[in-house]
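Colleague: Chain residues, written in single-letter form:
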Amino acid sequence: MLITFLKSNDDPRVVNKTMFNAGSGGAALTASVHNLSESINLLSPVFVVASNTEYLNATHVYAAELCNRYYYINNIALMTGGKMEIQCSIDLLKTYETQLMSCPATAIRSQSAGKTHISDSKYPLNTANRYVTLQNFPYTPFTRRPSFPYILTTIGGSS
Amino acid sequence: MAVNENIWGTPETWDNVLHENAKTSHQTMWQKVLTSVLPLNQLVDNSPCFVGALGNWYIANPICFDENEATFPLYDVPGNKHDWLVIYNSTRYWYGYDGSLSGYNTNTKWSTWQSPDMPDTSAEYFNRTLFNFKIKKVCLLPYVHCQADTGQTTEKHMYPLGEYIASHAEQYPYITGVCARFLYDSSDTDTPDWKDAAEHIDDQLSFSANYNFSEEFKNSGIFNTGFDSSYSVMIGATNKNYIYLMGFKGGVRKYISRNIMIIYCPVGLDPDPTHYVYNDDKDYVMYLRRWSDELKEEIYTQLAFSGFFFIGEGTNYSSIALNDQNMFLGTIESDNCTHGNYTRGEDNENSKQWQWEDTSDSEYDPDEPEPPFDPNAYDGSMGSGLLYSFSPPTDIYNISDDRFINLVSKLWDAMALVPAGDPLNDYVLDTFLTTNPIDSILSCKYFPVSIDLGGSSTTVKLGKYDTEIQARKLLLNMQNFDCGNILVFPTFGNGNTNWIDKLTTIILYLPFCGSVQLDPELYMNRYVNVEYAIDILTGNCSAYVSFTSDNGKRVITDIASGNCAIDMPITGIQHITLDSQLYNATEQIKAVKINNAISGLQQLGGLGAAIASGNPMYGASNAFGFLGSAYNAVHGEEVAEYNLQHTQLPIKMIGTTGATTGAMCELYPTIIFERPVLPDSKKFSEAAYASTVGYACCISSTVSAFKGYTEFANVEMNFEATAQEKAMLQGLLKQGVIIKPT
Numbered sequence: 008m009l010i011t012f013l014k015s016n017d018d019p020r021v022v023n024k025t026m027f028n029a030g031s032g033g034a035a036l037t038a039s040v041h042n043l044s045e046s047i048n049l050l051s052p053v054f055v056v057a058s059n060t061e062y063l064n065a066t067h068v069y070a071a072e073l074c075n076r077y078y079y080i081n082n083i084a085l086m087t088g089g090k091m092e093i094q095c096s097i098d099l100l101k102t103y104e105t106q107l108m109s110c111p112a113t114a115i116r117s118q119s120a121g122k123t124h125i126s127d128s129k130y131p132l133n134t135a136n137r138y139v140t141l142q143n144f145p146y147t148p149f150t151r152r153p154s155f156p157y158i159l160t161t162i163g164g165s166s
Numbered sequence: 019m020a021v022n023e024n025i026w027g028t029p030e031t032w033d034n035v036l037h038e039n040a041k042t043s044h045q046t047m048w049q050k051v052l053t054s055v056l057p058l059n060q061l062v063d064n065s066p067c068f069v070g071a072l073g074n075w076y077i078a079n080p081i082c083f084d085e086n087e088a089t090f091p092l093y094d095v096p097g098n099k100h101d102w103l104v105i106y107n108s109t110r111y112w113y114g115y116d117g118s119l120s121g122y123n124t125n126t127k128w129s130t131w132q133s134p135d136m137p138d139t140s141a142e143y144f145n146r147t148l149f150n151f152k153i154k155k156v157c158l159l160p161y162v163h164c165q166a167d168t169g170q171t172t173e174k175h176m177y178p179l180g181e182y183i184a185s186h187a188e189q190y191p192y193i194t195g196v197c198a199r200f201l202y203d204s205s206d207t208d209t210p211d212w213k214d215a216a217e218h219i220d221d222q223l224s225f226s227a228n229y230n231f232s233e234e235f236k237n238s239g240i241f242n243t244g245f246d247s248s249y250s251v252m253i254g255a256t257n258k259n260y261i262y263l264m265g266f267k268g269g270v271r272k273y274i275s276r277n278i279m280i281i282y283c284p285v286g287l288d289p290d291p292t293h294y295v296y297n298d299d300k301d302y303v304m305y306l307r308r309w310s311d312e313l314k315e316e317i318y319t320q321l322a323f324s325g326f327f328f329i330g331e332g333t334n335y336s337s338i339a340l341n342d343q344n345m346f347l348g349t350i351e352s353d354n355c356t357h358g359n360y361t362r363g364e365d366n367e368n369s370k371q372w373q374w375e376d377t378s379d380s381e382y383d384p385d386e387p388e389p390p391f392d393p394n395a396y397d398g399s400m401g402s403g404l405l406y407s408f409s410p411p412t413d414i415y416n417i418s419d420d421r422f423i424n425l426v427s428k429l430w431d432a433m434a435l436v437p438a439g440d441p442l443n444d445y446v447l448d449t450f451l452t453t454n455p456i457d458s459i460l461s462c463k464y465f466p467v468s469i470d471l472g473g474s475s476t477t478v479k480l481g482k483y484d485t486e487i488q489a490r491k492l493l494l495n496m497q498n499f500d501c502g503n504i505l506v507f508p509t510f511g512n513g514n515t516n517w518i519d520k521l522t523t524i525i526l527y528l529p530f531c532g533s534v535q536l537d538p539e540l541y542m543n544r545y546v547n548v549e550y551a552i553d554i555l556t557g558n559c560s561a562y563v564s565f566t567s568d569n570g571k572r573v574i575t576d577i578a579s580g581n582c583a584i585d586m587p588i589t590g591i592q593h594i595t596l597d598s599q600l601y602n603a604t605e606q607i608k609a610v611k612i613n614n615a616i617s618g619l620q621q622l623g624g625l626g627a628a629i630a631s632g633n634p635m636y637g638a639s640n641a642f643g644f645l646g647s648a649y650n651a652v653h654g655e656e657v658a659e660y661n662l663q664h665t666q667l668p669i670k671m672i673g674t675t676g677a678t679t680g681a682m683c684e685l686y687p688t689i690i691f692e693r694p695v696l697p698d699s700k701k702f703s704e705a706a707y708a709s710t711v712g713y714a715c716c717i718s719s720t721v722s723a724f725k726g727y728t729e730f731a732n733v734e735m736n737f738e739a740t741a742q743e744k745a746m747l748q749g750l751l752k753q754g755v756i757i758k759p760t
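Top line first, the protein sequences correspond to chains U and A.
Heads up: take any position in the first sequence, counting from 1, add 7, and you land on our numbering.
Heads up: take any position in the second sequence, counting from 1, add 18, and you land on our numbering.
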């Protein structure tokens, strides 16, 4: 079984990680797995390969024969006999990137949503200060200098 | 959807594409029946219906008519479910009164379709409904009939709707008719090749009732081509390629000598006649509507009722895709009926029709009970006005400042007029109707108003005594005054309301009436209006606080009352009354009206503890939060400190407010906004917050629709992976992932 060594600069939480070949100059870097006769854990496999210092540049392993799964490289142990032990754990987000993108989902926090009508208890509104402003209506029926201010009510006139 | 094969034949004989070989493939499917046998207003067979229409659609409810039906209801009751079907008609037939094949000028019975046993001579002609066709292979292309002005003889034009919008709306703004014709996709590839369905059948045109018909067809909601009297025309159904959307004027006139199939088409897109320009000539009546965005939306709505694809905009449609931005589609709702809603562009792919092979895939059952329909029009409004029949049996004068000073002195002059030798009391009584002349003045008030109270110029009369003091005698003792509008602008959302705006406290100060607190959820992004109604007799004033609803109606939400008149003491008794405020006190006790936000929160349940803990942000988030349990579960656990005291301004009015002191306070209605303050930009980066914490939301879409940091509540994972992997993925997505822009 061949595994391919890749590297990525992305945050581990990125779903659609960008992967580069880990070989020098961007060349593909693969290795043949030597421990196929032993059991390999699908989620946390350990691959024994022939020693190659270029592997130390990689962050990920791609195993096409394990149903196209991507793995983080957690540790590389140097073994005797010119071998290396690649200790991995599955990168589920990268492995199922394509499938996940088309899945229906409900987001409850999102960078791209912006401020919405949903109250955000994490947002640090300033509780010490308030901003007070006034706005007068444009018109009023009242004045302090009325021209005809007196209303006189009298007995009905005999006109 | 089952089809009555006794009427329509077996599936092998049905058309699958609009009009393909239609002319030769079937016999005529209907014949004249006596209306006494078949009840009016009923379909013979609903089974060809692939969608019901629920609502105010003008092409619906196929029925047959009695020739003696001189008038017809203007439009159906909105809300009734309509089963409708497309009818293809190229008949050159008409039936005589007695059922024989006859020519012109015979009174025709309205006909319907009932059984397939047509006379042999009808073989080359047919009328049949269209059903079981590939709905993704046909679309409607709307046209407008238009002209430059309202003149009867003004040249008339007809353009596809998209072309009209793009190039002709300004030049020909008056619409006399709207129709739609069918196009069908003749391509076998994924790229459509839209052809005019008319190519397959005779060249007939249908057009608006506004064209120059003779008297009997004038103002008719149905129409005749006029080009050749052997042609028959339909509204609502396809006269080969047109469906008419916009008839004019109500009623169906008696139709003589033509054999037609009628789809009942109530008048117009808008039954409100004030929306039409009416050109009244003694021989010619025309209704026109001025082009507007509202009319365009009405056209879209009417087309959407059909459940068909239709080309709503754009000028290049020869190969327009069904998910093109200019392609619209009537939405079939969960009740399998259309309600006039539509989608466009890629949203069409989410429709029921998109999944159909042909219309037999429809789930619509015409025999199902009518879905419930909201009969309310929600077009009410609230208003205010004067009482015009209110006339007190006293005289009311409006006097200026300088003339009022002279008034009382005139009473002294009155005493000098007593004829020599006459008892004073008799004179006074006769002149003033009272032994004390001052009592002829019933009240005197000072109004600090700038309103012109109107009235007619005269002199003040006290009883029979003319003081010769110039004044204006008022007829109306009430006045109202519009103080204008203020927009409660959502300052934190770039013109759109968000949750921070809803934490704004809004106090509306009303001169003489106190203050009211306005609910930010109700008033945000709305215009607040204040109108004063002032009673000149008593000095009472009321301030009506209102806003404009979403459908343009006035909504009065608060009424605050007070007294703006200052009583001027005329006698000793009145002065005592003023001092003790026996009168004013009862009219002027005021309190701040607090919008009871607390009770609103408590109604949501379980929030008493949260409020008592002084953590009102929790309560606020629930009050404003348009909730899903997922949202609650996440946000309820982490609550920011927020002092409820800070949400209310300490404005109070204690005790009574006399009009005098009220006049010394602010005289303009004023809104006081108390808004939260955003975090200090030196300590808080909005961008960093967005990319590391994200903004609270509740948005449902696909994962790819989101960009950047995102926390998901639940993702539906319809792909192959182990159960453990899926569980781990859900956990990762809930904790938060980052989606890079592509």
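It is worth saying that the hints were derived from the structure and are not from the lab.
Worth double-checking, as some hints may not be accurate.
In the BS3-like style, the derived pairs of lysine-lysine whose C-alpha atoms are separated by at most 27 Å in a straight line are [said to hold, decoys possible]:
no.	chain 1	residue 1	chain 2	residue 2
1	A	Lys700	U	Lys14
2	A	Lys701	A	Lys725
3	U	Lys129	A	Lys700
Just a few of them, taken from the derived set where beta-carbon distance is under 8 Å, the chain A residues facing chain U [stated by the list, open to error]:
no.	residue
4	Trp212
5	Lys463
6	Gly472
7	Ser474
8	Gly513
9	Val573
10	Ile574
11	Ile577
12	Glu692
13	Ile757
This one's a predicted model, so the numbers in the text were calculated from it and none came from an experiment.
Backbone N, C-alpha and C fix where the C-beta goes; we use that ideal spot for every residue, glycine too.
Colleague: Which constraints among the numbered hints does this structure fail? Numbers only, ascending.
Modeller: Hint check: 1, 4, 6, 7, 8, 9, 10 and 11 fail, others pass.
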